[in-house]
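Here are the chains, one letter per residue:
There are 2 protein chains.
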Amino acid sequence: MLEKTTRVNFLFDFYQSLLTPKQRNYMEMYYLEDYSLGEISESFDVSRQAVYDNIRRTEAMLEDYETKLQLYKKFIARQQIVDQLTTVLEDHEEALDLLSILKELE
Amino acid sequence: MLEKTTRVNFLFDFYQSLLTPKQRNYMEMYYLEDYSLGEISESFDVSRQAVYDNIRRTEAMLEDYETKLQLYKKFIARQQIVDQLTTVLEDHEEALDLLSILKELE
Numbered sequence: 007m008l009e010k011t012t013r014v015n016f017l018f019d020f021y022q023s024l025l026t027p028k029q030r031n032y033m034e035m036y037y038l039e040d041y042s043l044g045e046i047s048e049s050f051d052v053s054r055q056a057v058y059d060n061i062r063r064t065e066a067m068l069e070d071y072e073t074k075l076q077l078y079k080k081f082i083a084r085q086q087i088v089d090q091l092t093t094v095l096e097d098h099e100e101a102l103d104l105l106s107i108l109k110e111l112e
Numbered sequence: 007m008l009e010k011t012t013r014v015n016f017l018f019d020f021y022q023s024l025l026t027p028k029q030r031n032y033m034e035m036y037y038l039e040d041y042s043l044g045e046i047s048e049s050f051d052v053s054r055q056a057v058y059d060n061i062r063r064t065e066a067m068l069e070d071y072e073t074k075l076q077l078y079k080k081f082i083a084r085q086q087i088v089d090q091l092t093t094v095l096e097d098h099e100e101a102l103d104l105l106s107i108l109k110e111l112e
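These protein sequences, in sequence, are chains U and L.
Residue numbers for the first sequence follow our numbering, so the first one is 7 and each next one is one higher.
Residue numbers for the second sequence follow our numbering, so the first one is 7 and each next one is one higher.
Just chain U, same shape as in the assembly (with noise of 0.2 Å):
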């Protein structure tokens, strides 16, 4: 369940540029700010499983949208081998230099 959000959370990082602002709108309440359906159907003044429809959907679009570009999965694979790298160089205090340039690249 966290595990599902956690995906969701990244995959909207991601791609949110690519959403419409209701679809933007209706994530960041639901996912980020913790909104629940109903308090977010009041404020936009339709229906609960209107917001609900609306957020599935979108939530296939992300997954659509990653099976295509991998952004989060490069970025994962990504990740490990800059930890790995920080790991090597961690242990060669003539080294900081190359860390700081491995924090930009993060």
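Hints were generated in silico from the structure; no laboratory data involved.
Some hints could be false.
No copy labels: a pair is met if it fits in one copy or bridges any two.
Stated by the list, open to error - With a Cα cut of at most 30 Å, we get these calculated DSBU-like pairs of lysine-lysine: (1) K109 <-> K74; (2) K79 <-> K109; (3) K80 <-> K28.
Fit chain L to the supplied structure of chain U, relying on the hints for placement.
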């Protein structure tokens, strides 16, 4: 002119999964395989103008995706950091392991 083509090629590389099969076909033939608009229009039995319009619209879509996702821009920034790291590491023979990890990152 050549620079423009290179940019379109990169953008196509990053975002082709978001295009329709027809858009992909035209772009591949025009930009990668160097067919003329006339040749493409003949092989799909459509007007030269239709091919031209489709390619121009697709280019605009690619630029729009780049504005939103900036994959090409971030790719260039990461590439510069990797080059920087590589230059520093090449001065240290003991750093061969790191260089192989960096190769993966590229």
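Results for each hint:
In this assembly of identical chains, the alpha carbons of K109 and K74 lie at most 30 Å apart whether taken from the same copy (28 Å) or from different copies (24 Å). In this assembly of identical chains, the alpha carbons of K79 and K109 lie at most 30 Å apart whether taken from the same copy (20 Å) or from different copies (18 Å). For the homomeric pair K80 and K28, the shortest alpha-carbon distances inside one copy (28 Å) and between copies (27 Å) are both at most 30 Å.
Checked against the numbered hints above, the structure violates none of them.
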